[in-house]
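> Dock chain to chain to rebuild the complex, using the hints, since each chain is given by itself in its own frame.
Taken in sequence, the protein lines are chains A and B. Note that our numbering has the first sequence beginning at -3, numbered continuously upward. Note that our numbering has the second sequence beginning at 22, numbered continuously upward.
Hint data in this document are derived by calculation from the structure and do not stem from the laboratory. Hints are not guaranteed to be accurate.
The calculated lysine-lysine pairs, modelled on DSSO-like cross-linking and capped at a C-alpha distance of 30 Å, are [claimed, not checked]:
| hint | chain 1 | residue 1 | chain 2 | residue 2 |
| --- | --- | --- | --- | --- |
| 1 | B | Lys127 | B | Lys143 |
| 2 | A | Lys194 | B | Lys30 |
| 3 | B | Lys29 | A | Lys194 |
| 4 | A | Lys2 | B | Lys223 |
Just a sample of chain B residues kept apart from chain A, beta carbon distances all over 12 Å, derived [what the hints assert, rightly or not]:
| hint | residue |
| --- | --- |
| 5 | Lys127 |
| 6 | Gly162 |
| 7 | Ala175 |
| 8 | Ile190 |
| 9 | Trp273 |
| 10 | Pro332 |
For glycine and all other residues, C-beta sits at the position ideal for the given N, C-alpha and C.
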Amino acid sequence: MNRRPKTLVLVFQYLFLVIMTLFALYPIWFVILASGRVGQRLYTLNLLGMFIPTAFTFDNYQIMLAGQQHPFLSWMRNSAFVAGFTTIACLLVATSAAFAFSRFRFYGRQAGLILLLAIQAFPGVLSLVPVAQLLTALGLYANLWGLVLAYVVGNLVFTTWLLKGYFDTIPIEIEEAAMIDGCGPIQSFLLIGLPMAKPALAVTALLAFMGGWGEFVFASVLIPAPDARRTLMVGMYSIANNQSVPWGLFAAGAVMTIVPVMIVYMYFQRYLIGGLTLGGVKG
Amino acid sequence: MIAWSGRKKALMILAFIGPTLLGILLFNIYPISYNVFISFTNRNQYHPNPDCSTFLTNIIEPTCWPMFKESSGVSTPYSIQTPAFQNYINLVGQLFTGTGLLALLKLAICFVPLIVTAQVNKYYDRRLTRPVSGIGVWIIGLLITLLVVWVIDAAGAIASLQTGSDFFIVVFRTVLFVIITVPINYIFGLALALVLNTDYIKGRTFFRVIMIIPWAASTMFIIMSLVWQFFFRDVGVVNQILKVFSITGPTWLSIPTVAFGVIILVNLWFSFPFCFNIILGALQSIPADQYEAAEIDGATYWQQLMNITLPLIRPAVVPAIVLSAIGVGGFQMFGTVWAITAGGPSRGAGAPGATELVMVYAYKQVFQFNAYAKAGAFAVVIFIFLFFMTLYSLRITRITKGAYE
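With the rest of the complex left out, here is chain B (with noise of 0.2 Å):
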């Protein structure tokens, strides 16, 4: 593609993603540009028309255009707060006290074990010999890491940094649920996969095919999810079940800890068959020789799992692990916990529920609540990590082996 060049190239690669740019500059860069204005301003339900007059409002908030200019209410106008940044203080101001900071060091040495434990294993993996096993080291490391976190008290600094911030509450909860419902979702896909990959079993085609089906109804979430919720109600299956044993069953779903198991739950139904199949495709291209090989060598079954099968799917997993970690799956989930709990139960008034997670908890600022400026920050902080977490993904993992190149 090089025969032409000059101002007929530009024409022609602006012909090319003219539309893709402009619909991400309408519907990507613009929201991000308002919702980081509107951060530092006093935008709630008390303040909540733009004041045309001011030169940045005039520009970026629609109501001020010309042809929509009528329609803007009389209510006092919202306006740059003094200082700008105080819904940014109010949010993770905390974190820059003396205690915040320390809390933060205490998490941060937490992890040094497991850095550790890592590196101590990729020492191994290059000497012929190894004195303990991959498991071995891990369960060490592990160990070390419960003797850390118990001796420097990682819980209390977590509770201190929660004390006063709903923020941390929530993003706290929700990297909570991420670490239990992705492993869970790939252990799941993984097992299946294994069990469904050998030739032995009969109906394996029956199987596969089976396990489409919650993949198929994740896409329309909002609906099982509120047949989940049924199970769990008041006079739901499982309380009728119950019933025939004659016991009577709580409301499950206002039971803080079960509706946070109950939203793993579902989550485990939509995401399980798309793990298991991203899992059975890396299998089968496992090459048979691999096996046959190690077969030879008298490698047991565990030991053929942990050094030929997890080491070889890997590049094939773990860039899947991470975008669902990072994705509506795991840190953004918001439609099932929005129709099975709504982000309750609730935890007294104006804390967030027991099943508020990060996106459950801006949905309900911005909708009922009208702190546009609140949300607005919030936004800007989540955005912040998860801009970084992808770019992060990116550099680890294979899919952007062709924009790299």
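Chain A extracted, bound-state conformation (with noise of 0.2 Å):
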């Protein structure tokens, strides 16, 4: 395979390479561009500053931050103490399911483990209904805690899995003769299941935090009103769906809210496709 093929060859394999890097890129670098633009048009109506910054200013930056118009802090705020808790509580809730999973030995376990994957198969879309009623008589409905609830559960399943694959990897033989030593299941499962786990409990993290962070559907049913209430991806979504646009705004807030993700992805790449394919858990 690791021949070096005829220049031909070579010269298509660049050429894809590079149209890919492009087809990847330009998406952002457009908003990149349109944030930094004077007005509040996406488009520009010379054809260079589609594809290089003319003039860049930081005006978009400031008005969004300043939050006169679009309370794009308060959205910020809300969608990481929305994405923060979610991530926490499915941990501390996920870990403890998976261990189980993974290391007692019970009826209906295998079964399960199978039946949690299936039923998660019900469309989130769907039971949209019946979670905001359920959240409304809790008293939790248009309020972030409820979110969180709803997002917990969500992730729940997934995590579990991914966590109980990682326990799987474990030697179970460390806890053997950690029990001979007289360690019980708990002190087993916070002093050595735990610990040895943390390669899956940062990737487990980042993908909870991510889903809480860019979840559209459930926020924008469960918080209905008033603006400052609002998580970010609802807000930002209200903002470009008015009948005049203010683009440069909403790419700025764009760039805020994508640029900090794509950094902490691609510091932590190694570890995501790991922790993706760890313990036999793919997809």
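Here you go:
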């Protein structure tokens, strides 16, 4: 496979790479350009301005951060709140369940694992009405905590499977040795299982956080109004869904939302890919 | 973990998995039961409220619970329909008529040549020499399939199923979407991975890092979908570029086929980095001596690809393909379509729009038309399908290796 191919083939391979790079980069590059444009247009009249920055200002960023037109910082705070607590709760609940599914032998264990996955196949969009009614009954409708609750359960099955797969790869002999020394199941979970599962926990946390940060449908239904209570995605969607869209502001908000995530993803690239395939869980 | 047993063990297990079970019960089992119940009623915009004096309604409807009772409305309550299955009859009833069964039979026959082809290939694989190569068998098989499709008029069968039922229009369109989008994503992912898995390309790390970007952006799909939508707007990027060559571009997203193509393109942008990374990981685990041995035997690049690379990455890639086909990037696609076309362009009042996939259709039924009961029946039918697809995908993939043990 690693023979150096003919020059023509090599040229085609580089061409393909360049095209895919442009394809991958251009939308983001375009948003960055648009965020620095004067006026509220996403396009410019000169062709060149669509590919390289002709004039760049930070006005749009200032307006967004000042928050007079749109409570951008509140949105960000709400999203961080929801995503943060989703991550914490998800890790707390899912690690213990995953540990139990991996280590304990009990009746219905295998069936339970498979049923969890199959039940999760119920489309989320269609469970929105009952979930909204349930949250209303619990007094958590239009409340960020209600959203956290819905997200935690939404992430639970995937997270449990991922972590269960990882626990399965940790040799049980260590825990058996500890048990001979008088270690109970809770201690072996807290003192042995958790510390050894750190890489998987990091990946799970990142995925759960991003799930909460970027989710749109549940957030738009479960947090109806007012503007300042919304999460980031719903807020950005509401900016772009008006008659006259302030594209410059939208683009500035988009850059501030996406670029940090991109940097995190690039930094954690290796762990992410490893984490998704680790323990045999794929997808 | 056998040191303890009996009641202590049960309590311990409950403590570990109790919170998960409670969450699943409240946010998965309850919505499913609710949807099943609602699907037997006539709840719609004319009968939005529950009748709390009915036994089942009183239990399942939160608005009937004591802490919540005073806020329920005054309009006509919904009730169980007669016959109870009316919503299901409206959705899929025509399947069980003569024409419906005939059309189904015709569609089933179309798959026979494909299955035969796969079996023939398997048979040849077990022999030392094969008269026709694998690709050749597949080409012949596909040609025969096309012939069968043409002879028994499969298009006519699909059309006859689609008349008078939104359900089949939407489902066939979604299946078409999955059949197009998933292979495209994986072909691009495979091509990229093959190129970047070589050691003579300069700057491989750079390209790999770049390819992470759409993946990161795909977690915030709603924003990037809006950006993509802008490219194809009336005064969007594409038309701006065309203007330079003094061509007046159309409103792309109001052309049904273009709108469908744009959805596929945007989904490619979101999905190919994931496919690329999965495939690259699988490629890197192939031992190099396999290729060395093939080199010595004089195998060409193409032969190495077909006989070493593809079979060896299959165990890692097939699960990912199946899961993405039935997941939110395939059959359950919602967010991207919603942000770009919202199901449009419209094809007349009442008819589903050209990009109205299953989830978009369901969302519209609930939140725009308040047709809760219809959407409930729809949800149940789709859920039954997805439930068995999930179980099936678990069987064919290795991800349950731990569970099936």
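> Against the earlier hints, flag every one the structure doesn't satisfy and list their numbers going up.
none
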